[in-house]
Each structure stands twice: as C-alpha cells, then as structure tokens.
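Protein chains in written order, with numbering that gives the first Met the number 0: chain A, 0 to 367; chain B, 0 to 367; chain C, 0 to 367; chain D, 0 to 367.
Source of the hints: derived by calculation from the structure; they are not laboratory data. Heads up, a few of these hints could be off.
Since the list can't tell identical chains apart, any single copy or any two copies may satisfy a pair.
Calculated pairs, SDA-like style, for lysine to any residue (alpha carbon to alpha carbon, straight line, at most 25 Å) [stated by the list, open to error]:
1) Lys342 with Leu120
2) Lys342 with Ala157
3) Lys64 with Thr301
4) Lys6 with Tyr347
5) Lys6 with Thr337
6) Lys6 with Thr121
7) Lys359 with Ser224
8) Lys64 with Pro297
9) Lys227 with Thr345
10) Lys6 with Arg152
11) Lys227 with Arg152
12) Lys64 with Ala311
13) Lys342 with His118
14) Lys359 with Thr301
15) Lys6 with Leu40
16) Lys359 with Arg210
17) Lys6 with Gly17
Since the model is a prediction, treat every value here as computed from it, not as a measurement.
4 protein chains.
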Amino acid sequence: MSSASQKPRLRDLGPTIGYMPPGPLNAITDVPGIWVGQTTLIYDEPRLARTGVTMILPREGRIWKQPAFAGYHAYNGCGEMTGMHWVAESGMLSTPIAITNTGQVGAVHQAMGAYAVAHSLTEEFELPVVAETYDGWLSDMAALHIQPEHVFRAMDSARGGPVAEGCVGGGTGMICHEFKGGIGTSSRVVEIPAGQYTVGVLVQANYGVRRDLRLDGVPIGQEISLEKIPSGWGEAPVHDPGTGSIIIIVATDAPLLPFQCNRLAQRATTGVARTGGFGNNGSGDIFLAFATGNEFDPGVSTPVTLQMIPNAWINPFFVATAEAVEEAIWNALIAAETTTGFKGRTAYAIPHEDVQRLWKKYGRGSTL
Amino acid sequence: MSSASQKPRLRDLGPTIGYMPPGPLNAITDVPGIWVGQTTLIYDEPRLARTGVTMILPREGRIWKQPAFAGYHAYNGCGEMTGMHWVAESGMLSTPIAITNTGQVGAVHQAMGAYAVAHSLTEEFELPVVAETYDGWLSDMAALHIQPEHVFRAMDSARGGPVAEGCVGGGTGMICHEFKGGIGTSSRVVEIPAGQYTVGVLVQANYGVRRDLRLDGVPIGQEISLEKIPSGWGEAPVHDPGTGSIIIIVATDAPLLPFQCNRLAQRATTGVARTGGFGNNGSGDIFLAFATGNEFDPGVSTPVTLQMIPNAWINPFFVATAEAVEEAIWNALIAAETTTGFKGRTAYAIPHEDVQRLWKKYGRGSTL
Amino acid sequence: MSSASQKPRLRDLGPTIGYMPPGPLNAITDVPGIWVGQTTLIYDEPRLARTGVTMILPREGRIWKQPAFAGYHAYNGCGEMTGMHWVAESGMLSTPIAITNTGQVGAVHQAMGAYAVAHSLTEEFELPVVAETYDGWLSDMAALHIQPEHVFRAMDSARGGPVAEGCVGGGTGMICHEFKGGIGTSSRVVEIPAGQYTVGVLVQANYGVRRDLRLDGVPIGQEISLEKIPSGWGEAPVHDPGTGSIIIIVATDAPLLPFQCNRLAQRATTGVARTGGFGNNGSGDIFLAFATGNEFDPGVSTPVTLQMIPNAWINPFFVATAEAVEEAIWNALIAAETTTGFKGRTAYAIPHEDVQRLWKKYGRGSTL
Amino acid sequence: MSSASQKPRLRDLGPTIGYMPPGPLNAITDVPGIWVGQTTLIYDEPRLARTGVTMILPREGRIWKQPAFAGYHAYNGCGEMTGMHWVAESGMLSTPIAITNTGQVGAVHQAMGAYAVAHSLTEEFELPVVAETYDGWLSDMAALHIQPEHVFRAMDSARGGPVAEGCVGGGTGMICHEFKGGIGTSSRVVEIPAGQYTVGVLVQANYGVRRDLRLDGVPIGQEISLEKIPSGWGEAPVHDPGTGSIIIIVATDAPLLPFQCNRLAQRATTGVARTGGFGNNGSGDIFLAFATGNEFDPGVSTPVTLQMIPNAWINPFFVATAEAVEEAIWNALIAAETTTGFKGRTAYAIPHEDVQRLWKKYGRGSTL
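In isolation and in its complexed conformation, chain A is listed as follows (with noise of 0.2 Å):
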C-alpha cells in the first residue's frame, strides 16, 4: 500500500498495466512542476454534499504568464470544458486546469478568474478552463455547494507529491463502470534516445456501464453480477449507459508542440476504450493535453527558440498516455470507497479481492 495516499492503488493489489513503467509517483505530479489541489466536500447538513473541486497547476502556478503547448480531443463531447477556443486557436493553456461537477462550472470559472486578478496572476481576465462530471445522483448538485473559497483553497493548497485519488475533490461524488469512481492519477517514463520524458495523467472517472469494465483486457466488470454489488447508477436506462463523463488532464515534459499535443489528446481515447468505454452518448469525454517542454514569455518580439520531439519518436508518448489513462481510471476505482449520498442512494467500491481473484482466473499474475 502507498504510504502517501493512504489509499490502495492498483499496483498495490497486483495488477499492473502495459510495458512502460511509472514513475516514482506513479501520479501526474511526476511531471516537473504540476501541482495538485484538491477540496473535497462532504457534509450531510443543511444539504447533503458529496463534491469538490480538482485543481491541476502546471509550472508551479506559473501556467498564468508562461503559458503551455496544448491540445484537446473529445472522444464525446456531451460536456463541458471551457477555455478549448483559446488553446485551438493560440496553442496554448494560460490558466491553471479545474475539474468539479457539472453544475458549478461557472462558479468555479469566476472564482479561478477573480483570484488570478486579485493576486494580478494575470494582467487582464483569462478565460480559465474548467471541466466538469455530473454528480447529481450521490450529491444535492441543485444545493450549489462549491463557493469562491473552496477554489480558492484548492489552488492555495496545490503542490507536487502523492496526490489523493477516490472520493476527492471534484471526484467525491463520481460514478464509474457502475462503482464508485473518482478522482485517478498515473504516470510512465519515456526513453528515447533524446531523452527522458514522463507522460502524467489525472482523471475524473464519471463513466461507463459495469459489463464493459475491464482490466488490462481481464472481464472484470462481467464477472461482477448486479445482484451482488448494485449499480451505482440504479434505475439507468439500459438503452443510455453511461450517463456519466471521463475528464482526462494529461501533461508532459517534452517539448511537444500543439499539433503533437492534439495528438496525445487523442491518445487518451486508447486508454478509456480499452478499459471500457464506448464514448457513450450523454458522456462528455474530453481530454487536454499540454507539454511544459518549452517554456517563453508569449509577450517578446523576437522569434522564440523552441524544441520539438520529432513526430518518428512520438509513438512511445502514444503508448504512454495510453497505459496511465488505463491505469489512472483504475487507480481512481481501487481508491474509491462505497459512498452513500443524496436520497440515501449508495455506489459501492469495486471489491479488491474480486479484482485479484478475476485477475487470477483470467490467466494473470501469477504472483498474486
């Protein structure tokens, strides 16, 4: 069990995924300055909340006035996450990255720019980007919970090291696979002869029905009958499963370009589709990207002097983002723990010891 989130992880049960190993935090923290803030609201009174907000700040809060390349793809784009314009169009990510649930996205939005104004983060208003998973069914969403102060203290809070996965932050009241979801980080290393890069992915994992839930191709989620554990989502109609979203941040130390991070945008799509997902139609899967690679004052008037990967070795980034999107929404289930919400509706914890025991059966881990 990792020490630092005091909260099993995947690889703690057995199961590993791909070829390419994490890093040290095996989270997106690995990548050089990406800090982590998470508020996680959780009170019954005077109305029941199970949410919170996720910030992601890439060059230690710097991301203000040192932009980064970036690049987005929806796998399916029935959701939300402002500011995507403005990185098609500039290249860039100029603000830090929020996740919370969906009916808060616009609080969440005017408290990022109102605190980047007040501490002149910024000299004009940016256009944040926010994204957002739907939690009404285990959190009184019409309640408004999150306040100017609850991101405010989510970005005050963030730094680098472990980052605490499950039922955190904008992940608190999430649903995936059926399970309790939530908040999922991971990470691999890149060697390629010019170097050595990391590849971090943090999720907010809000998708998906239980059948189609796999583990590095293992039919787990097949194997789980309904009567045993109950869905998380209840009486979902089976023509529309589901009704929840995947929000994917993935960031790199490369020095890739916006074209090249649409392309590991893309690559998030891999990672949900092995693991299940279908990009269903209520779902907003939509995945950033962003590479701190390159770092310039977007304000000179001389040419920028910039690196690039070339395209011939950006197939191990590919396969990268692949694996920690896998193993990130995987690390968000193990994490989750069964959470009862708003009506008295309960979404339970995919159960360890069934994920090691169909592990086994299906012919893996043979150390387990």
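The hints should help you fit chains B, C and D onto chain A, whose structure is shown.
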C-alpha cells in the same frame, strides 16, 4: 429613424447593404420565436460599470426542452463561447445564449443553470452557452458587477419585437473599429422555391482597427482621422490591433441540419471580413448558428421526422448571413453613443454625418 | 467453417466478440444495398504483385446519383482517404469507396472518375473516395500494377453476399500486428424500439505491432514469440512500430444524420484500440461512416423529408461499430494466408491453433 | 506593364490593394526557395483542351525530404485537395503541390508519386497534394488530356522568378466571377521587430458570380452589365451561382508552427470574402499555408531546435495574406484573356478600361 429603439439605424442614414430584403424588424427577432432580453448596467459608484448581459432565447424560451439544430465556427478563437463541445457532438443547442463581458462568463453561466433548475426548465443541469467580449477599457471589469439577478432579469424580460442596439446589454462597454460599439442586429428574408425563410443575426461587436472599417466597401475608417476622433482603444499597440472580439449569433427558421448550421456560422466570417475584420490574434470571433425549422422531442424512442433544405438551395442563406452580419455591425456602430467610463476614458461614437458624407463621396447612395 | 468464403473466420475457431448479434453474413453486405467488388493481383512476373483494389458500392451502385449521409474520423491521419473535404462540407458520400495500395491512389481515383463519366453514372466529374494502406514490403509497389481495367472489374463485379477476406483486393499485400493481414468484415444487428438496423464494417488491416494484438482482451500477441513466427515487417525499427495503417468503412441502414455518422466513424477507434492499435505515428487510420436510411434526390427544390434516430438511442450503434471493427480485424487475420512476396519476404499467417489455445488459456471459450 | 509575364497586372492599371508593400516580384516566388512550374494545354484537335497543371515546389524541390510546417482551411469544402489528413496529423507538407482540373486529380497524383520514386526524391511513396477546380465549361474535361509527361514537365520546369498568370497551367480553362479567370499571384513583405518576412500567395481562381466582384471595395461586378459582357458560365442557375472554386496556396519564409499555418490558411478566406466570394455551395474553396522558416531533418532522433514567431506578432501575417489573396485574384482576372473553348463557348476577359473607369468613378485612384 426607427420608432422601436428610438435610436437611428444604418438604413435611417441612407446606406443599405447587399441585395436581399430585411425582415420587418430587420432584427434577429424576425425569426419566429426568437426572444431577446438585455440587462444594462451603467453607474459610476461604488465602482464604475459600463457592462451588462444580452440573452437570446430561441423557441420563446422553450429551448431547454426543445433543442434546435446548431453549429458553430471560430474565425479566431481567442475568446470564449461555452457549450460548443455539446453543440458539436449532439448537433443541438439546448439552452439560451448569453453574451456578456470577459470577466463574468462564469457568473452568467452559473446563474443560467441555477435559474433553469429552479424554474424546472430542464430536468438536469444543462451546460449553457455563454459568450463574451472584453469591456475592461470602459468598465471596471474586476468589480464583477453582474449578479444572478441581472441574468434572471435579462431572461425574464426577453421577448420578440424590436431589439435595443448600441450601448446595451452585453454590448454596453464595447468598442468596434476604435469607435463605440455594442449590440447590433439585422435580418434577411430568403425566398426559394421551397418557401420563405428568415435569417436573423445579432452581434456583440468589439473588434477591429479604425483604418480597416468599411461600409459595403466604402473605406470609412481610412477617412476619419484619429486626430479628429481619438481611438476608442487609446494606446493599443500597433502590432496588435483589434484587441477586442466579435460574437455573432445567426438564427433561422429554415429546416437546416447541424452540418448546414456549421456552414452558416462560417459565413458570418464573410460579413466580418467585408466590414474590415481580419480575425486578429487576440480576438474571440466565435459564431453560433441555429435553425428552428425542425422541432422534436429529443427523448422519443422512434425515428424523428425532419425536413432539410437541400444543399443546392443553401447559397441564399450564405449571402443572407453575410449581409445581415455586416449590417448588424453597422447598426451597432450607428446606435452606439459616445461613452466615457473607467479611468475617464472615452470611446467616441462614429459621426453619422461622416458616414453619410463618405458614402456619397465614394459614389454611393445618390438618394442621400 | 463458413461456406461462402471457403476460408475460416474468427467464429469458426470459437471466439466471439462482444454482446451484439451479427447479421446473417456477418459482413458489411448485411446492410441492404451494399455491394463489394475486389480485384486481386498476385503474380511474380514481370514484376512481383501482391496487391489489388477493393470497392464498396452503396445503394447497389446508385450512390453516384443518390448520395448517402456520411462522416469521417482520423485516429491518425498519416495516410490518404480522398473526398473527405466533400463529405465534411456536404454531409454526403456521393461516390463508391475504393481501398488500394499507397502508390496507386491516383490511378484508382482517375479510373473511377473516368468510369462514372463513361457510363453516365454521374453528370459531371465527381471526386471519388479512394483510401490506401502500404503494401510495399510484400509487393513491388513501384511497378504500379493497378490499371484502369482492374478498377473497372472491381466495380463491375461488385455485388451483395459473402465477402472474400484476407489476402484479397486492396488487402492482398497487407500486414497486421506483424502477421499477414488484409481485408476483413463483420456486422452487428441493432435492436431498438425504433426498429432493427444493421451496422456493417469492412477493414483493410495493415497496422500494429505483434505484442499489442488482443482478442477481446486476451493478449494473443504477447504470447506468440517472434522466434517462432517471424515478424511480418522484418526489421521495422523499434521506435516506429506499426508502420502500416488501417482503413475502416462503417455502413448502416439506419437513418443517421451526417453528424451522427461522424460519431460512428469515431467509434471505429474504439474497436481498433481494443484490438491493440495505438494510432501510431506513421499510420493512416482513417474511418468513414455512411448511413443509407435516408434516400433523396439532392437536386429537388423543395425541403427534403428525412428520418433521424434520436441521439438518445445511438449508443447501440456505437457498441455495434466497436464490436464489428474488432471482429473484422480478426476476420482479416484469420482468413489471411502466409504470403511470400517482394524480395522473398514472408509475412506469416497467425496460427489458428495458437489463437484457440491462448483463448482458452486466458479463461475464455469453455466450449472449445 | 510588368516585363516578366508580358501581361498586365492589376498594379499596371493603377489600383493597389491594402497597406502592405509587395515583394519585388509581387509573386509567391518572392518567398525564397519557392519554385513554380506550369504546363498549359491549348489545342482543339482531336479533342479540345483548355487545361493544364500548375506545380509549386517549396525548398527548390527538396520538400520531399525536407518537409515544411503547414496547415489548411476549407472555406467551402466541395472540392479536393489531397494530402490534408497528412498535413493535419504530422503538421507538415512533404510533397510539391499540384493544381489542375477536377477530372484529373488522380492522373496528376499518380504521376507525382511515380516521378518522385523514379527520381529517388523520396524513399517511399508519399501522398502528394493535388488540388483542383472545374474547367469543363471551356475544356473537354472527359478527354483526360493531362498525361504523366505534362506533370513531369511542370515539375522539371519549375523555377523561381516571375510567374505566368491568367490562362496558364491549371488555370487555363478557369472562370472567375463570370469573367475569364485562372492563375494569379501576389506577395507582401512583413516587417516586424523580429525581422522581415515574405508572404506569397498563388490562386487558381474559378469561383464567384459577376455582381459580387469587388476591387478593394469598389463594386466592379455590379457595374459591368451581363448584356455587354456575357457571363462566363452561360446558363448557370441563379440559385447556385459560383459553381466553380478557388484553390489558394499561401507560403511564407517566417518560422510559423503548424497551428499558425492553419491560422494563415483561414485568412485566405478574408481575401476571398473581400473580393466577393461567399464560399458557395458547390465550391471547393480550400486553402493551404506552409512556412519554410524552420528546416530540419525529420528523421533525427534528437529534439529539433525551432524558431516561432510569437502569436502577438502574427497580425501582420494575417493582413498580408488577405491583401495578397485579393490581389492575386485580381492578377488572375487582369492577366486572363478572352477564351473560346468547348462547344464554342466563350468566357470574356474583364475589360481593363472598365476596371480603371470604375475605380475612378467610385472615388479611388486620383492619380489615374
């Protein structure tokens, strides 16, 4: 002078744009069911406000439950129009459209969602469409003037009929081609064998440099010297003209499909380009088009029957969009009044007599 | 063993993929009106050919005059599929679809256009859809084997019924996951309250590295050592695996609109990702989806009446696409035969007994 | 009259467009290393030809092995420009660019690929960029006049220096705004603190209706009656004006990244819109921009060092593109000669004296 808005419009001065006839109101509200509501905040204490919010409610506000096919296009994406992932994926607009200032996208977003839930306009939180342009030169944007009640009032007061233009709603503090800008609207009637349809446009015009401003090709901007009428932007750096943006909403009652709405949205570019816009680097020139000609319950479980204008007959809609965009921008300029605001700065209205004089000088409008 | 193709298919060996039932032929031709024709060129003199062309003719060839709604998606765009600007703008597919080798896109393009004009299939030159993957490892591609008559023959011989798979048509010289690849097809039947529809898929599979190959999650590729079965690509550099590509055509008789076809096309990604494709750097992984459920004369001057499957019911089409893509890839692999070609190189067929053995070893298919 | 082409150009008649200075040749060849070669086919027997092919070879033809960053944009996509999947994915242009007639995209594509392999310009088959507009009104397009040797000749003869305009190369049979159209070129010099750069444009202009044609805003097209100069398109249906298209190539020696090339390509729209193009339904208005300012070996295994013009300084490139596009279209119109072709049809050149007269009548060009 048109009686409705009590302010002159371009046609009141003589010039007209294009070949196609406008609708009775020459406004987006010529499209049946389109309601517009605006809240204007103008005061100097305790902190100076020259700002507001403009709301467009398709289907007389029933858009929350009766979506309309929609599409969008960015001429230059350095701005925000939330909700576009959803539009692109689902092909539909499912919320009203708000246009406000850059610093309060979040506040308006939050208010719209909360209002809809509180009034049972939608079953779940939707992800509203909120667009913005920057009014921080004339308004103390950091004061965050816009409160939920301002948004509610704009929604509650929305109705058909004439639309106030110039320094109103979201356009209150805007500057266009270095003259005072703001809200403008126009429409065109499309007659094709399939029937008669209307294309209506509303703009929040806040873009451009003076020298590039044109009226149906007449180089108005070149002729009005900066000495005589100082620039609205003051010391805007020469290398980055047009630090503002333009948001354009195109509505039609024709039965267009989503991909045809994308096409219409892109033709807003044509209108902007003809008026002197280059889609400058810092601009958020983002255009949304929606078509109310098909109406259906999105929740049915049978195939929905639709109508579609064949592509072979879509050209008149393209021309109508371009013409109405150019005229809407000019209506914003003509209606706008010289405004002194934040830090004592003044943005000057374009002198109507100069417009008339130059129109004539350049060989147009023999009837003036 | 299926009688039609006289070659085994995946299901003949035992494994099945997914939850949804295939159509009667388990082929793209289960979609009514879809015709497939293939010309296969295999000879050693005067220059060695292991190549060909595969043609898909929607609407029994009437597609030239009766277009079908369509959309496309690129998982990785380093390849060619002509005609996609047209599809994106008009929302329609207006020509048959050809798949051939990289070096003869032009020849096939020219032949298709000339054929259509000569046979009065269209009034003017249309811009045909021609896609490609690279077969230069097994075939002397620079010999430019494909002549107009080969294209004409493929079009003339196109018909419904079983589709030949493996080393045929455009797939003759292809390599997939370092085994012999080629053409594969599969279908799924979608049952929703609105009715019963079919999703059919045809792939030209030429992508991937061995270790990544999976069968419904079973890591087949990892287990088949390169010592035993040498790689189809020989000395392909470790840093650039999967120098090939995969072209996927998705057809349905459901009344989907163009934006929904885009969505279906993107779900081909899901199937490729599950089978072990990462959309590698050099790949042309380009996917086209079209829907024949609406048929109309594009030249009418009245609004066209259409049907649309509501988005709320589109998920089964997503799953159907992903499942059929995975099974079509496997059908290509299973049907393909060990092939020796250019410069004496050999691409080995995947051993069927290994597939069956590993399927069982990893806990699947108790009935085998 | 410019000595090089022996045909008059717009500036020879007096009018100029915009603020920025052209390069010495006022041609795409002002961008260092850009070569243009054209093959023109004009004969009446055995079947009538008014067609050809225009080739642009960046980097003096070394583009096959030394790619250039590139991007593209479609104003209206109902046409063809092959190779754009590759450009979008890799960010790079890797082949010369051909522009020809609609019916022979395939022939030119095949010839380019074969030529490159035969001359060892590339190791493998590349996927060339071939664009087209329709010349079937003036040329017997079904005769398929263009043979491989015509393509080879255009490539072999390509060089820097003045570029022939009007009825040459791919533009031989083209019609623009219902006057005789064809090939046109122009350039602009961009001076920014970072240095001096050139933007060069080449168009194959075959789009538009007469009444919409403008010269820097002067409504030339409205004034030249169809009675006096019959329409180039004859009986073109009123509801579908502009059955042609325009292909635009934008080149610069500035170090722009791929996303910046996308931005430049989109600004070609600005130039077309100002000249009177609405991106009509049947048009293939597809624009490619590439930047030679960075040059590197794509096969290296170390990070590549690049330069980038900061976004804050990109506006002059936007204006330069728009100005050069408008002037290139006018150069095509001015250079084109009245042409009688297929079925005895005649497309009339725009009368130069009318252009000069109307320029003056509408208050411009006091020096004429």
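So, going through the hints one by one against the coordinates:
1. Lys342 with Leu120: Cα proximity of Lys342 and Leu120: across copies only (22 Å, versus 41 Å in one copy).
2. Lys342 with Ala157: Classified as neither; 32 Å inside a copy, 36 Å across copies.
3. Lys64 with Thr301: within (17 Å within a copy, 29 Å between copies)
4. Lys6 with Tyr347: within (16 Å within a copy, 47 Å between copies)
5. Lys6 with Thr337: For Lys6 and Thr337, the Cα distance is within 25 Å only inside one copy (13 Å; across copies 50 Å).
6. Lys6 with Thr121: neither (37 Å within a copy, 38 Å between copies)
7. Lys359 with Ser224: Answer is both; intra-copy 18 Å and inter-copy 22 Å each pass.
8. Lys64 with Pro297: within (8 Å within a copy, 31 Å between copies)
9. Lys227 with Thr345: For Lys227 and Thr345, the Cα distance is within 25 Å only inside one copy (13 Å; across copies 51 Å).
10. Lys6 with Arg152: Within one copy only: 23 Å inside a chain, 48 Å across chains, cut-off 25 Å.
11. Lys227 with Arg152: neither (39 Å within a copy, 51 Å between copies)
12. Lys64 with Ala311: For Lys64 and Ala311, the Cα distance is within 25 Å only across copies (14 Å; inside one copy 31 Å).
13. Lys342 with His118: For Lys342 and His118, only the inter-copy Cα distance (21 Å) is at most 25 Å; the intra-copy one is 40 Å.
14. Lys359 with Thr301: neither (59 Å within a copy, 42 Å between copies)
15. Lys6 with Leu40: within (19 Å within a copy, 51 Å between copies)
16. Lys359 with Arg210: both (18 Å within a copy, 21 Å between copies)
17. Lys6 with Gly17: within (22 Å within a copy, 34 Å between copies)
Hints 2, 6, 11 and 14 from the earlier list are contradicted by this structure; the remaining hints agree with it.
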